[in-house]
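Enquirer: Sequence:
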Amino acid sequence: MGLNFFDIVIWWLVLEIIGFAALPIASHICVNLKDKGYSLSKPLGLLLLTYISWLLSVFWFRYTYFSVLFSAVVIAACSVIVFWKKKPLIAEKNYIIKFEILFFLAFVIFALIRAYSPDIYWTGGEKFMDMTFINSLLRTVQFPPSDPWMSGTIVQYYYFGYLMVADLIKITGVFSSIAFNLATASFFALSLTTAFGIGYALTERIRYGIITAFFVTIAGNLVGFFQLMDTLLKGDVVNGILSFNYWLSSRVIPDTINEFPYFSFLQGDVHPHMISITFQLLVVLLLVSIFKSRTPGIFSIAILGLSIGFLYPLNTWDYPVYLILAISVMIIGFFMKNRSWSASKKEILKPVSAAGAVALISFILYLPYHLSYKLERTISLVPSGRTSVIFYFAVY
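In the working numbering, the protein residues as written are 135 to 530.
Calculated from the structure, these hints are not laboratory results.
Quick reminder that beta carbons are idealized off the backbone N, C-alpha and C, glycines included.
Mixed in with the good hints there might be a few duds.
Computed list of lysine to any residue pairs in SDA-like fashion (alpha-carbon distance at most 25 Å, straight line) [unchecked claim]: (1) K221 to T266; (2) K368 to Y380; (3) K368 to Y342; (4) K168 to V357; (5) K471 to I524; (6) K480 to F425.
For each label pair, taking beta carbons as the anchor points, the in silico distance ranges come out as [as the list claims (entries may be wrong)]: (7) F193 to Q290: 19 to 25 Å; (8) F348 to L147: 24 to 30 Å; (9) K480 to I391: 45 to 51 Å.
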């Protein structure tokens, strides 16, 4: 599962091509942002590639290299049409150069981190399961895919993150054993730069974009800080750093798992909760764009609905959270932009209708997935035990 230079370059180039293919679409829907949507073009391109390749294989084509390539062509064709008809503005050249340097460094540095210990068994975790799903999807010809654990049944799990990795493997030709670690590096770089885009969109300052990227994707909870302080106080700095227990910071609250983005990337499980970080940030950035817009267009609403709906087959638990967030931003944002909490019923109907459209689109576009998915367990509130204040503050 080691990495080599050629695989890294090919993988990075494909990510760049996918991002540039989706750039006119991103620029059109994010015209209100300073970077004109450049910071979300890569995750948006990957989302569109995954969605289209899935949809084609549900209704028409076998899932192959050619169906994935055709999906990429569809994205490029749509972007050409958007560019020809709308002529969207593109980000400034200086910003693009700085952004691409940041993405490249994040990708390469994390690829080197994964190359240091590339095996799937060194810390256990969920790597065996993740690798199984990826390889199963690579052998799938029609969706919904077969369950790798039980012959003759279909997957009853959110698998779009694995499908995204499988799409990239089919396009690049990189072996899945190598792509596994490149995927981790990719999602780290994508998350970091999308978080950067959020900070930049809110402040229009590069330094605040970097600060946002740091706190979202690299900074953890206070346990790591306490460990470092303990090392400094004992005076044995070198041995303390070399023996640093990164695992401890993910088990703060007793009997629970308290992962944060950097831990998930460092752990290296190509699992839905890690993959979804990028696309949660994509939704947030789209909401920033909509908030800055006086009246969001139909295309922007459709892309937002597509992006929120994508979270359901990607990492189901994120879907209700970001749907509620989107509805709140669209409705509360309307009153904030009008600088008044009083409005006519006709005026209020506009943001309510837009929010309703987002919710409806987020479900309908993924209807084949919902129809094939059977929920065998229910959820409920925790019957006993509560988080103490000290643990709560250590995490949050």
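Enquirer: Hint by hint, say whether it matches the structure.
Expert: Quick rundown of the hints versus the structure:
1. Simply put, K221 and T266 have alpha-carbon atoms about 44 Å apart, too far for the 25 Å limit, and the pair is violated.
2. The straight-line distance between the Cα atoms of K368 and Y380 is roughly 18 Å, inside the 25 Å bound, and the hint therefore holds.
3. This hinted pair does not check out: K368 and Y342 have alpha carbons roughly 35 Å apart, beyond 25 Å.
4. Between K168 and V357 the alpha-carbon distance is near 36 Å, which puts this suggested pair outside the 25 Å criterion.
5. Proposed proximity of K471 and I524 is contradicted: the alpha carbons are some 38 Å apart, above 25 Å.
6. Note on K480 and F425: the hinted pairing holds, with a Cα-Cα distance of about 20 Å set against a maximum of 25 Å.
7. Between F193 and Q290 the C-beta distance comes to about 21 Å, which sits within the given range of 19 to 25 Å.
8. Hint check: F348 to L147, Cβ distance near 27 Å, so the stated range 24 to 30 Å holds.
9. At about 48 Å, the beta-carbon gap between K480 and I391 stays in the expected band of 45 to 51 Å.
The earlier numbered hints that this structure contradicts are 1, 3, 4, 5.
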